[in-house]
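Chemist: So the chains spell out like this:
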Amino acid sequence: MFKKGLILALVLAFVATLLPACAASSNEIAIGTIMPISGPVSAYGTQARDASQMAVDEINAKGGVLGKKLVLYVEDDENSPEKTVNAFNKLVTEKKIVALVGGLTSPCTLSIVGEAQKRKIVLVTPSSTNDTVTDAGDYIFRSCYNDSFQGRVMAKFAGENLSAKTAAIIFDNNNDYSKGLKDSFTAAFTAAGGTVVATESYATGDKDFAAQLTKIAAASPDVLFVPDYYNTVSLIAKQARSAGIEVPMLGADGWDEIANNAGDEVLDCYYSNHYSPDADDAEVKAFVAAFKAKYNVEPNALAALAYDATYMIADALKAAGSTDPEKFKAAMAATDKKFVTGQISFAAGTKHDPVKSAVILKLIAGDAADKPKVTYDATVNP
Amino acid sequence: MKKKGVDFLLLLAAGAAVFLLIAGLAWIGVIGEFYLQLISTAGIYIIVSLSLNLITGFTGQLALGHAGFMSIGAYTAAIFVMRLGVPLLPSVLLGGAMSALFGYLIGFPTLRLRGDYLAITTLGFGEIIRVVLNNLEGITGGSAGLKSIPGFSDTGDVMLDAIIKFAWIFVFFAVTVAVISNLVRSSPGRTIVSVREDEIASTSMGNDVARYKMLSFTVSALFAGIGGGLYSALFNYLNPSNFNFLYSVNFVVIAVLGGLGSITGTVLGGLIFTFAQEWLRVLKDFRLVVFGLLLILLMLFWQKGIMGSKELSITRILRRILGLGGKKE
Numbered sequence: 040m041f042k043k044g045l046i047l048a049l050v051l052a053f054v055a056t057l058l059p060a061c062a063a064s065s066n067e068i069a070i071g072t073i074m075p076i077s078g079p080v081s082a083y084g085t086q087a088r089d090a091s092q093m094a095v096d097e098i099n100a101k102g103g104v105l106g107k108k109l110v111l112y113v114e115d116d117e118n119s120p121e122k123t124v125n126a127f128n129k130l131v132t133e134k135k136i137v138a139l140v141g142g143l144t145s146p147c148t149l150s151i152v153g154e155a156q157k158r159k160i161v162l163v164t165p166s167s168t169n170d171t172v173t174d175a176g177d178y179i180f181r182s183c184y185n186d187s188f189q190g191r192v193m194a195k196f197a198g199e200n201l202s203a204k205t206a207a208i209i210f211d212n213n214n215d216y217s218k219g220l221k222d223s224f225t226a227a228f229t230a231a232g233g234t235v236v237a238t239e240s241y242a243t244g245d246k247d248f249a250a251q252l253t254k255i256a257a258a259s260p261d262v263l264f265v266p267d268y269y270n271t272v273s274l275i276a277k278q279a280r281s282a283g284i285e286v287p288m289l290g291a292d293g294w295d296e297i298a299n300n301a302g303d304e305v306l307d308c309y310y311s312n313h314y315s316p317d318a319d320d321a322e323v324k325a326f327v328a329a330f331k332a333k334y335n336v337e338p339n340a341l342a343a344l345a346y347d348a349t350y351m352i353a354d355a356l357k358a359a360g361s362t363d364p365e366k367f368k369a370a371m372a373a374t375d376k377k378f379v380t381g382q383i384s385f386a387a388g389t390k391h392d393p394v395k396s397a398v399i400l401k402l403i404a405g406d407a408a409d410k411p412k413v414t415y416d417a418t419v420n421p
Numbered sequence: 078m079k080k081k082g083v084d085f086l087l088l089l090a091a092g093a094a095v096f097l098l099i100a101g102l103a104w105i106g107v108i109g110e111f112y113l114q115l116i117s118t119a120g121i122y123i124i125v126s127l128s129l130n131l132i133t134g135f136t137g138q139l140a141l142g143h144a145g146f147m148s149i150g151a152y153t154a155a156i157f158v159m160r161l162g163v164p165l166l167p168s169v170l171l172g173g174a175m176s177a178l179f180g181y182l183i184g185f186p187t188l189r190l191r192g193d194y195l196a197i198t199t200l201g202f203g204e205i206i207r208v209v210l211n212n213l214e215g216i217t218g219g220s221a222g223l224k225s226i227p228g229f230s231d232t233g234d235v236m237l238d239a240i241i242k243f244a245w246i247f248v249f250f251a252v253t254v255a256v257i258s259n260l261v262r263s264s265p266g267r268t269i270v271s272v273r274e275d276e277i278a279s280t281s282m283g284n285d286v287a288r289y290k291m292l293s294f295t296v297s298a299l300f301a302g303i304g305g306g307l308y309s310a311l312f313n314y315l316n317p318s319n320f321n322f323l324y325s326v327n328f329v330v331i332a333v334l335g336g337l338g339s340i341t342g343t344v345l346g347g348l349i350f351t352f353a354q355e356w357l358r359v360l361k362d363f364r365l366v367v368f369g370l371l372l373i374l375l376m377l378f379w380q381k382g383i384m385g386s387k388e389l390s391i392t393r394i395l396r397r398i399l400g401l402g403g404k405k406e
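The listed protein sequences derive, respectively, from chains E and U.
Letter by letter, the first sequence follows residues 40 to 421 of our numbering.
Letter by letter, the second sequence follows residues 78 to 406 of our numbering.
Derived by calculation from the structure, the hints in this document are not laboratory data.
Remember, it's a predicted structure, so these values are computed and weren't measured experimentally.
Possibly wrong hints are sitting among the right ones.
With a straight-line Cα cutoff of 25 Å, these simulated BS3-like cross-link-like pairs (lysine-lysine) come out [unchecked claim]:
(1) Lys-224(U) to Lys-218(E)
(2) Lys-218(E) to Lys-401(E)
(3) Lys-79(U) to Lys-390(E)
(4) Lys-157(E) to Lys-224(U)
(5) Lys-224(U) to Lys-159(E)
(6) Lys-195(E) to Lys-218(E)
(7) Lys-324(E) to Lys-377(E)
(8) Lys-107(E) to Lys-324(E)
Go ahead and model the full structure; you've got the sequences and the hints to work with.
Modeler: Below you can see the structure in the form of structure tokens.
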């Protein structure tokens with residue numbers, strides 16, 4: 040009896056999902072966001088989703104867009120490209136979205152950019168820094184800068200602000216983000232007259248870096264560039280200090296959250312990021328205060344970028360005066376405004392990578408022992 | 078007409094009817110484009126799970142690296158299409174052939190042994206393939222993945238494209254079901270099943286056990302590779318990190334859920350597995366918890382999977398309905 044009931048329930052559920060869902064009503068404009076709400080980078084995904092939702096709520100409180108309400112539909116991609124494709128199809132065909140904020144990591148975004156271009160859906164990724172993301176076409180935008188820009192910024196910062204003549208690099212050979220940063224840093228640092236004295240690699244998931252770090256220590260560089268995410272960086276930093284490498288370490292936006300995940304070994308290290316929560320800036324202050332009031336946590340860079348991406352979409356819809364894809368896309372490309380993560384504009388006739396400046400953050404001793412904190416150090420323009 | 082001929086026609090008619098029903102419902106807009114894509118995804122899952130069921134369910138050898146065979150098929154097909162300009166159909170078949178070759182090479186030393194060696198070897202193999210694909214940057218695109226792989230068609234009409242995708246996958250699905258169900262009912266197939274039941278007894282009957290295990294494993298790798306080739310055209314994007322160990326486990330779950338040694342079961346299992354994950358999206362953050370719970374419940378009430386090792390015979394049902402009076406097998 041129970042089995043029969045269960046079968047009946049499963050069959051009914053199966054049939055129910057096949058029926059088309061009702062489309063958005065006529066006084067709503069649907070936008071979507073695809074984020075890793077579960078999976079290994081869910082800490083980033085949930086904050087980005089919350090920030091987009093906050094932006095949508097704010098816009099609706101001020102009267103919405105084109106006299107209609109914005110509605111945000113959220114899908115979870117579990118940080119899997121395959122799930123991202125299905126989520127994107129669902130948002131486009133079932134929810135009739137006109138624009139998408141997402142995906143978060145580059146492989147997920149890369150899996151849908153072709154389809155977004157084909158279907159004329161404006162896609163704004165808040166955080167996929169891979170250089171090739173915007174190759175797919177003119178409907179693809181991002182609110183962050185790309186990897187080669189970040190590598191150049193850090194090379195420039197090392198040479199000019201830290202007066203480094205030599206640098207060493209340790210990077211993840213299986214991670215495209217890490218490899219891309221390594222290449223652009225090397226190119227820019229060498230072009231500016233510096234020398235890269237050691238380049239060592241490891242594989243994703245490695246825990247022991249002693250062999251590579253010993254070689255780097257022997258080359259005695261002025262700075263060590265570690266382009267990876269915070270969880271690996273904290274391991275490398277500790278081992279680098281015990282291997283006798285006392286020079287500053289440099290990183291990129293993957294270091295976001297490092298202060299909560301490492302101790303004194305990362306003191307006097309620098310990394311490039313998209314914004315600084317303690318910057319003395321009206322937009323940043325308003326955003327950080329609102330986010331803290333709503334979600335009771337300090338927003339990370341990805342939250343700020345997702346918030347900006349959502350506002351870029353809303354502003355472009357207002358400027359275009361309609362949801363017509365051609366006009367909407369043209370208005371997006373004409374974006375030129377100061378957002379939380381800085382002034383964003385797109386150079387005419389190029390791929391839609393924003394022209395913006397990077398913030399360099401420094402790790403200094405915090406209030407408690409072995410608990411570093413982040414402080415704003417410099418702003419670097421390419 | 079002979080019974081076999083009638084059965085063949087009945088099956089062909091049933092297959093065409095199912096296809097026309099789904100495609101027709103999609104064309105008039107009852108089935109959304111997204112759900113057609115989901116059915117196509119389920120189709121690929123079913124093809125790979127059927128291939129796994131052949132080696133695990135019918136031959137009794139646990140294999141834990143089918144994502145590896147699938148990725149070989151997927152990358153081979155995609156590279157033939159993109160870099161050498163070979164049409165899709167031969168590319169998909171070449172993908173299957175390449176995967177079968179690897180299956181043969183791996184099976185050759187391992188399948189001579191008795192026991193769980195295959196599980197360990199295939200597990201290691203799946204991981205090796207993933208790392209190799211990650212590092213062959215010039216060919217596979219490395220960790221950034223292979224982008225903009227051409228799809229099945231590009232007519233400009235998204236609904237028509239979705240139906241063409243579905244048609245391709247449905248035809249391959251039908252061929253897979255036909256080949257595997259005929260194989261297990263043939264003389265070599267009966268030998269394969271006897272290996273599962275008792276290897277020693279089967280050897281003492283004079284069967285070359287290793288050879289039949291090899292046959293089963295190579296055919297299994299072939300279909301996993303074909304599933305991979307179709308996958309590359311359906312998703313247009315490949316990334317080595319997608320084909321990890323957990324991905325292999327998905328196919329084991331589908332095969333066990335449906336019932337090891339049942340083709341009907343695998344088809345049902347694949348549909349439930351794919352659609353359950355979608356229905357549960359309404360639960361938001363608790364989705365994966367409830368999905369796990371659902372699997373536990375299903376396994377508690379159906380220890381041998383939904384179908385056990387039973388099959389649903391379409392011909393028998395049709396014969397009864399049409400009054401052709403086929404006798405029970």
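Chemist: Take the hints in turn and mark each one as holding or not.
Modeler: Okay, the hints, checked on the actual structure:
With a CA separation close to 18 Å, the supplied pair Lys-224(U) and Lys-218(E) stays within the 25 Å bound. With a CA separation close to 23 Å, the supplied pair Lys-218(E) and Lys-401(E) stays within the 25 Å bound. Taken as a hint, the Lys-79(U) and Lys-390(E) pair is broken in the structure, with Cα atoms around 65 Å apart against an allowance of 25 Å. At most 25 Å may separate the alpha-carbon atoms for a hinted pair to count; Lys-157(E) and Lys-224(U) meet this at roughly 14 Å.
For a cut-off of 25 Å, the pair hint linking Lys-224(U) to Lys-159(E) stands: about 18 Å separates their Cα positions. A distance of roughly 18 Å separates the Cα atoms of Lys-195(E) and Lys-218(E); the hinted pair therefore holds under the 25 Å criterion. Only pairs whose Cα atoms come within 25 Å are accepted, and Lys-324(E) paired with Lys-377(E) is accepted, the gap being roughly 14 Å. A threshold of 25 Å between alpha carbons decides the hint, and for Lys-107(E) with Lys-324(E) the separation of about 28 Å lies outside it, so the pair is violated.
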